[in-house]
Amino acid sequence: MIEFQGVYKTYQTGSHALEDVNLHIDDGEFAFIVGASGAGKSTFLKLIMREETPTAGEVIVNNYRLSRLKRNQVPYFRRTMGIVFQDFRLINTMTVFENVAFSMRVIGKKKKEIDRTVKHVLRVLDLHEKANRYPLELSGGEQQRVGLARALVNKPALIIADEPTGNVDPQMSHDIVEMLTQINEKGTTVLMVTHEHELVHQFDHRVITLEKGHIVSDTGAPMRPATVSLGSLAAEAGGDTL
Amino acid sequence: MKPHVIRYLIKEGCRNTWQNRLMAFASVGVLICCLLLTGFSYLLFVNVDHMFQNAYEQNVMAVYLDSDQDEEAVRRIGDTLQGMSNVASLSFLSKEEFLAQYGEALADNTMESFQGENNPLPDTYIVSLRDLALFQQTLDAISAIDGVEEVSYDANTAATLTKVRQVVLVVGGSIIVVLLAVSLFIIVNTIKLTVYNRRLEIYIMKSVGATDSFIRFPFVVEGMLLGLIAGGVGFGLISLLYKVLYSHFSFDNPLLSLVPFSQEWLPLLVGFLAGGTLVGVCGSIISMSKYLKQEGGLRS
Ligand SMILES: Nc1ncnc2c1ncn2[C@@H]1O[C@H](COP(=O)(O)OP(=O)(O)OP(=O)(O)O)[C@@H](O)[C@H]1O
Ligand SMILES: [Mg+2]
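Chains as they are written, first to last, in our numbering: chain V, 12 to 253; chain L, 56 to 355.
In isolation and in its complexed conformation, chain L is listed as follows:
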């Protein structure tokens, strides 16, 4: 298509949108609701995931070392642990520190007898993992290191967290997909109402020799316009609403606080504009294609 034809068709698309502004308004409204629902599911998912992430970071392993090792060997084990790809952070707890931490619970004379050479506690490394899904592999690898006597961990928590996170991922993803499909369905039916009134126009255009793409183009422009408007307005609304929520639910406990909006606005904006445009354009094309295929045009 030549540039001046494209310019004309874009203008036509805008004119048609204005011409059918009542229905355009309805479509945009429906689309905004769908985008908000989808957006909030996304934010819910992000927040749940964020909380799990925090929980992960607090999920640690205690690596107890054999008692008869010199400082050099202990440091070497530390280096090995540090070098493992799934180890997020590492801290060392010497047996003296260990005793100091837990000794308070013991009777004074017992504490006394445990000092120095008699300390039964091992030197310990506290390890936190990057990815809990790799828990078992990492555990095996650490246990296999020379000089490691035992690894203490809470396997159940790790496994549960991993499973729950997967479920949240699948459920959240499905909800978003279903919501998008539902929006498309509603949008198609809203736009269909406008197109029904325009089937005579489509027929006339066909009768003067307009190609399918020529007829479709303004509808694509219209869908895009509606999608962008809905995406923009929807984004404005969700940022407002989320900021209100955020200011009401910010706790000191990192496990419970919400993800700040500043971290999520870009994917949301892109998602809203792209999602709105996609649904708008697809909805527009789907709802008019029936009349485009139909010869005679007026047999509804």
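Just chain V, same shape as in the assembly:
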């Protein structure tokens, strides 16, 4: 669950990135954040991952009230979400396998479990043949799938992605959103920032439009039959199926 209560963000440079943003996103939703360059989309996500703190107002994410979060609690808070970046942000000196495994090492998982889970995730994302390659030996689309695998491997309740399709071709963009949609159908909340209106129209998800730091439109969660069974699917998400 994500909630913004009267959130303002003014950077030290004086630019008002967000102004009076109020918003509620339920568990299990899929929301696109769209808007022109400079509208405040990235700032919005940075407030959620607690990379920035609001100038005023309150942000609540996965039951953490971020204004009360101490610095040493931030890592534990971050483990409740998976983050995907436009520029992939893989560690170039680690293999694909190690990049994905890293998320699990951080939370102290044992080698056996890491091996099993990472192999599984790589297979799901069709990367298992590249497990021992290094990121720079992969195409953009492949690198982004590694980024996605890293975000998914700990089965977080929330995935946030800042223009994950910004550096891949249209077909791969579609595939990535398709994958995120499948993950979402198993109960994971997905927030995705994008520029590409066409892509947004190909899917039936909630669309939040930002303009100069304000929310100017919000379609709300689409009504669809699938929502009824979300609960049972969410339970499944805890299993081995991803």
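If you're looking for bench data, these hints aren't it; they were derived computationally from the structure.
Be aware that one or more of the hints could be misleading.
Stated by the list, open to error - One side only, chain L facing chain V, incomplete, derived with CB under 8 Å:
| hint | residue |
| --- | --- |
| 1 | Lys57 |
| 2 | Gln74 |
| 3 | Phe153 |
| 4 | Ala155 |
| 5 | Leu255 |
| 6 | Glu256 |
| 7 | Ser262 |
| 8 | Ala265 |
| 9 | Thr266 |
| 10 | Glu350 |
Claimed, not checked - Listed below are the simulated PhoX-like cross-link pairs for lysine-lysine, each with C-alpha atoms no more than 25 Å apart in a straight line:
| hint | chain 1 | residue 1 | chain 2 | residue 2 |
| --- | --- | --- | --- | --- |
| 11 | V | Lys122 | L | Lys66 |
| 12 | L | Lys150 | L | Lys348 |
| 13 | V | Lys166 | L | Lys57 |
| 14 | L | Lys66 | L | Lys298 |
| 15 | V | Lys130 | L | Lys66 |
Stated by the list, open to error - The calculated label-pair distances, taken between Cβ atoms and stated as ranges, are:
| hint | chain 1 | residue 1 | chain 2 | residue 2 | range |
| --- | --- | --- | --- | --- | --- |
| 16 | V | His212 | L | Arg62 | 44 to 52 Å |
| 17 | L | Ser268 | V | Glu189 | 33 to 41 Å |
| 18 | V | Thr230 | L | Arg62 | 49 to 57 Å |
Heads up, the beta-carbon is just placed ideally off N, CA and C, and yes, glycines get one too.
Here the structure of chain V is known, so what remains is to put chain L with the ligands in place on it, guided by the hints.
Chain L with the ligands only, in chain V's frame:
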């Protein structure tokens, strides 16, 4: 942290060191130079101190006794002197021996007239001191002994030696401290270059929820590794260099000869390894902490 996590992080530290081996090489080089400078200051200090120590031992007092004492009283005074804590060694010079030593300078007939009962010289104890800093106290105590007529000494030499030794101690100590600080500074800046390239990694680690200590650990391992390597190599170099110096500067005069390396290798080895590790680990931690604190990671 669980053992398997620690094992992983140690491995990561070694992998990172290898990954950044060029910079590691530079850091080790810088660290070795600093350790050598510090080591040589230390050895210089040890040698200077050693020479003073020798000079001390040659700095003696002559204790002249009253002339009208029997052998028993003279021996008792000797025992008292021997019992004093600051007296390092003691030797007795009877008035006959005294005369024999200095009489050669006199004319024969004068010498003649001084024999036996007419000997004007006193029985004398030659005392050398353990610690010259306590010179005055010891002098007072000896003068106060019954039967001691006069104490002859060279107060100036004693005071000067003590002062110079203190100055050497302070200057030597300061040089070592300053050198260590300078090494730390250089090391921090060398490692900073490597860490700058790794700030993206640090940011990524933070974004997947790594704690500060998890991120720091491999850097500590890396610093330790560099420190130990630099300490070991530095020690090898300094022992070689010192042995060469030693073989060229060994004189018979104990005042001028160098302290043999066998007396100093252990403190040097321990110092080099400990100093190298300390500087390496501190340097590593200091240079990465800026990026650890920084959110967003990429705003350099
Ligand atoms: N770290 C920062 N310091 C100062 N100003 C910033 C910072 N980050 C963003 N801004 C400003 O805040 C505003 C919103 O930026 P933001 O990055 O959220 O936009 P965006 O919607 O993600 O744009 P884009 O589509 O180009 O990525 C912009 O005016 C930007 O210049
Ligand atoms: Mg942006």
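- Task: Compare the structure with the hints numbered earlier in the document and write down the numbers of the violated ones, lowest to highest.
- Result: The structure conflicts with hints 3, 4, 12, 14, although it agrees with all the remaining ones.
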